[in-house]
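Can you build the whole structure from these sequences, using the hints too?
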Amino acid sequence: MAVKKRNGTVPESTAAEEHWSVALDMNGERQVDLSDGRTVLLKRNGVELLSAISLPDEEDVNDPVFDVTILDGEGPTFIIPMLPDKPLVLQPDAELRILPDARIRAHIPIPLGIGVVYGEGEEARLIREFPAIHLSKTWFGEPFDGEAAYSWKTTFSDGLGPRQPDERIAYCPLVIRNESPEVLGFQRLILRVPFLSLYAVRAHIYTDRVTVRFRGQSQVSQVSIEKGPQKGLDSAVRIFGPRSKSDRALLRRSFSFIKNLYTG
Amino acid sequence: MDLFSENDLVARILSSDILIRIGKAALYYLVGILIIRLTSFLTRRLTSSKVSRQSRMILNKIVTYVGMSVLLVVILAELGVNLAALLGAAGILGLAVGVASQKSLGNMVSGLFLLSERSFEIGDVIKVGDKAGIVHDVDLLSVKMRTFDNLLVRIPNETLISTEVINITRYPIRRMDFEFSVPMDTDLTALETLLRESAESNPVSLEEPRAIFLLKKWDHDGIAVLFGAWFLKEDYIELKNSMFRDITTRLTDANITVSMPRIRVESGPAESADGGNRTEPE
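Going down the list, the sequences are from chains A and B.
Residue numbers are given in the working numbering: position 149 of the first sequence equals residue 149, and the series is strictly consecutive.
Residue numbers are given in the working numbering: position 227 of the second sequence equals residue 227, and the series is strictly consecutive.
To be clear, the hints were calculated from the coordinates, so they are not data collected in a lab.
As the structure is a prediction and not an experimental result, all values here were calculated from the model.
Worth double-checking, as some hints may not be accurate.
Unchecked claim - List time: in silico DSS-like cross-link candidates among lysine-lysine, alpha-carbon distance up to 27 Å:
1) A:Lys153 with B:Lys233
2) A:Lys86 with B:Lys233
3) A:Lys245 with A:Lys153
Listed below in structure tokens is the structure:
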């Protein structure tokens with residue numbers, strides 16, 4: 001995990017950047033509302049960091065049960081946005097077909113959770129993590145060989161234009177190219193979000209741009225993650241690095257075509 | 001005179017190289033043990049992130065056994081023991097021991113087959129007969145398993161090779177089946193919806209592979225139903241408890257009763273064929 005160093009080389013701060021990477025004072029406290037109505041409560045008393053989460057139907061948010069973390073010094077504590085810890089299996093909300101040599105460009109909204117980080121730069125350590133919303137667990141691949149992921153229904157509308165500004169959502173610029181001679185009608189696409197970085201651009205948060213090249217059902221697809229913000233977003237500031245290092249072997253397996261494998 | 005002879009013997013021993021040989025053999029033993037332990041430690045360290053626990057354990061045992069054999073040969077040679085004669089004697093002795101311990105040899109051969117078959121490894125949860133537990137040690141003679149109530153079960157390799165072994169944790173995901181019967185007049189569509197909603201709302205039930213709903217057969221209790229939800233193997237207890245509770249609540253709320261096998265026991269005097277009470281003979 002890497003958190004952006006807050007030094008003089010940073011371009012002018014953006015709304016999204018200001019919303020996130022908030023430093024908690026040595027004796028400060030802060031409440032952060034998550035998109036599902038829950039509230040994260042954080043308190044810092046010197047080397048003691050208290051954190052709690054309250055559900056929307058809890059009446060008394062003033063008396064939550066706090067977890068206590070003892071820090072090793074008086075370094076800064078930040079609240080940062082976090083992508084999910086597992087890949088997302090994207091399910092198009094409408095049947096989607098891409099003709100040979102055609103491509104689709106889309107912005108995939110990804111819910112952001114909250115991370116509490118102690119320290120800066122390479123020494124930054126993630127202390128607590130609060131997922132943004134409840135994501136259903138799912139499985140990508142065969143029952144004997146696959147990977148655990150979260151299920152995420154989304155719209156694959158064409159275009160990379162501006163989206164609704166929301167600091168709790170990151171947009172992943174995704175390009176799918178059908179380089180096979182067959183029509184690509186897929187039901188599931190895995191997006192390995194732990195390999196992506198986050199960038200703040202004015203009121204938006206973006207991830208690295210992901211390109212998937214489909215070469216046929218019998219062929220492995222090629223996935224490339226273009227490091228850095230998408231073209232034309234020069235003022236983008238990296239606010240969070242990838243959670244894990246990318247794995248070439250994993251990146252090749254991208255599409256799932258549902259078969260009647262599990263009904264026996 | 002006798003005292004003189006004893007002193008002479010001691011002197012001869014001291015003057016001969018026997019003592020030096022014994023000293024050398026002791027030194028070889030100490031250094032050899034040190035080298036074997038160091039090699040074993042390095043093997044464990046170098047392979048810790050690359051191979052499985054079981055392969056690591058086997059490699060470690062090979063290093064130790066080979067090292068000890070070489071050390072034994074070196075020490076015997078140093079002590080002036082005729083190795084050719086000893087090996088010849090060992091062959092005859094080995095044959096005699098082999099005949100006397102056929103079971104152990106059978107276990108050892110079965111152990112080799114089990115190791116090459118790799119149907120389970122250390123850390124896997126297996127079920128053998130009515131015993132289930134975590135594989136704790138795989139040896140040449142037996143497999144040791146720790147049951148969930150913390151008992152050590154030793155299963156001879158020969159038993160394992162000839163019996164059914166279920167590896168519960170081999171694959172990353174599993175399906176949990178709930179089987180029950182409902183009365184004939186149950187709304188089966190509503191039942192399927194209810195069960196699917198239970199799986200979908202459960203945080204540890206996987207969305208895919210999709211849960212299976214199967215109407216198995218008509219039986220004497222009504223209609224036999226199977227509902228199976230998929231889960232990550234580490235979520236076993238959480239899924240079992242939460243879904244069992246949730247399905248029970250949902251069935252109760254929907255007024256769907258689960259047919260229970262019943263045995264009717266009647267007390268009192270049995271009725272006679274003509275409707276009257278049968279009088280038992282005194």
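We went through each hint and held it up to the structure:
1. A:Lys153 with B:Lys233: 25 Å, holds
2. A:Lys86 with B:Lys233: Within the cut-off at roughly 16 Å; holds.
3. A:Lys245 with A:Lys153: 25 Å, holds
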